[in-house]
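Visitor: The residues making up each chain are set out below.
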Amino acid sequence: MSDKRIGVISCSGEECVGGTISRLAVRKMMEELRPGIVSTLCLPLFIAGDGGEREFAEKYPTIAVDGCSKCCAKRAIEKYSSAVAGSIDVAEIIGQEAALGKPLSTRNLTEEHLAYVKEVADKTSEIFDAILVK
Amino acid sequence: MSKIKVIPCSGIGKVFGLLARESVLMVTQEKCPNETETFCLAHVVTGDDEIVDKIKGETCITMDGCAKYCSKKSVEETGGIVVKSHKVPDFMKAHRGEEHGTGTYLTEDGWKYAEELADILVKDVKEVMEGVKVNV
Ligand code: SF4
Ligand code: SF4
Chain B
1 MSDKRIGVIS CSGEECVGGT ISRLAVRKMM EELRPGIVST LCLPLFIAGD GGEREFAEKY
61 PTIAVDGCSK CCAKRAIEKY SSAVAGSIDV AEIIGQEAAL GKPLSTRNLT EEHLAYVKEV
121 ADKTSEIFDA ILVK
Chain V
1 MSKIKVIPCS GIGKVFGLLA RESVLMVTQE KCPNETETFC LAHVVTGDDE IVDKIKGETC
61 ITMDGCAKYC SKKSVEETGG IVVKSHKVPD FMKAHRGEEH GTGTYLTEDG WKYAEELADI
121 LVKDVKEVME GVKVNV
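Line order of the protein sequences matches chains B and V.
With UniProt numbering, the residue at position 59 of the first sequence is 59, and numbering never jumps.
With UniProt numbering, the residue at position 114 of the second sequence is 114, and numbering never jumps.
Worth flagging that the hints you see were computed from the coordinates, not collected in a lab.
It should be emphasised that the depicted structure is a prediction, and the values quoted were computed from it without experimental measurement.
The C-beta atom is built at its ideal place from N, Cα and C for all residues, glycine as well.
There's no promise every hint is true.
Which chain B residues face chain V? A few, computed with CB under 8 Å, are given here [as the list claims (entries may be wrong)]: (1) SER10; (2) SER12; (3) GLY19; (4) LEU24; (5) SER39; (6) CYS42; (7) ILE47; (8) LYS70; (9) CYS72; (10) ALA76.
Make a model of the complete structure from these sequences and hints.
Guide: Pasting the structure below:
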């Protein structure tokens, strides 16, 4: 297996369903789909960390996974670190209306939400694999 | 008075970030929906005018997952007035030895701890509403 690691960073947005889906999709990649080769980082560390964090996207090709079209993770990574190698907008995958639904606790996850998580994680994995073979 | 902004960090690597997030959602959605609201921390981090306008000069309470205090620092950097800030591990003493889950899910003990954190936040909200001077 390749020892290359790829960064996958979610916005983890707290204001809408899409944010929760972005977070869980990245967790799914870390735990199930691409265990051991996903590097992640808490997004706000780019500004709150003591410096090393800002080199993250320079060190690893990084995919941003955002909950809605505001694409905060992508923009924050590019503002504080480096250009992203790929990006996902959850709203484009599951639809704007579903993504912008009210904040979602993991206590209230339905089968439909879990299907969204899988869809987003699968799409992210496709980008991930394409970067991996480059 | 506008709603108090209660903002968790977006910690994803460990259970502490999820505990912060779930405790805040309990407050803003269930316990004090009329007095509080939350925003995406990642949006705050972008510094967009739209979110800066909502935070700047506003009363905020933060719940962080670790001593990096990402939420507190980012909200302050954006001009929010953080009247109370907490981090999840501060209240762990009574919970030593318990399994709370991971960054993906909470266990039953995890949910109990999240509820306890939410009640701490509710107390803060009440103090702020009553105009009690609080220490940061
Ligand atoms: S991309 Fe959307 S869901 Fe994610 S942090 Fe930004 S506003 Fe929130
Ligand atoms: S406070 Fe800690 S857990 Fe929370 S986002 Fe920052 S580094 Fe991650």
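Visitor: How about B/LYS70: closest beta carbon in chain V under 8 Å, or not?
Guide: Holds, because the Cβ-Cβ distance from B/LYS70 to chain V comes to roughly 6 Å (cut-off 8 Å).
Visitor: Holds or violated: the hint that B/CYS42 contacts chain V, with Cβ atoms closer than 8 Å.
Guide: Cβ of B/CYS42 sits 5 Å from chain V, so the hint holds.
Visitor: Taking the closest Cβ pair, is B/ALA76 under 8 Å from chain V?
Guide: Where the cut-off is 8 Å and the nearest Cβ of chain V is about 5 Å from B/ALA76, the hint holds.
Visitor: Regarding the hint that B/CYS72 lies at the interface with chain V, is the smallest CB-CB distance below 8 Å?
Guide: holds (4 Å)
Visitor: Can we keep the B/SER10 interface hint, with Cβ of chain V closer than 8 Å?
Guide: Hint holds; B/SER10 Cβ to chain V Cβ min 6 Å, cut 8 Å.
Visitor: Mind checking the CB of B/LEU24 against every CB in chain V and telling me if the closest is under 8 Å?
Guide: At 7 Å from the nearest chain V Cβ, B/LEU24 passes the 8 Å test, so the hint holds.
Visitor: Under the criterion of a CB-CB separation shorter than 8 Å, is B/ILE47 in contact with chain V as hinted?
Guide: The hint holds - B/ILE47 has a Cβ within 8 Å of chain V, the shortest such distance being about 6 Å.
Visitor: Taking the least C-beta to C-beta distance, is B/GLY19 closer than 8 Å to chain V?
Guide: holds (6 Å)
Visitor: Hey, does the B/SER39 contact hint survive, CB to chain V under 8 Å?
Guide: For B/SER39, the interface hint is violated, since the closest Cβ of chain V sits about 10 Å away, which is over 8 Å.
Visitor: With chain V as the partner, please determine if B/SER12 meets the hint condition of a C-beta pair closer than 8 Å.
Guide: With a minimum Cβ separation of about 4 Å from chain V (threshold 8 Å), the hint on B/SER12 holds.
In terms of the numbered hints stated before, the structure departs from hint 5 and from no other.
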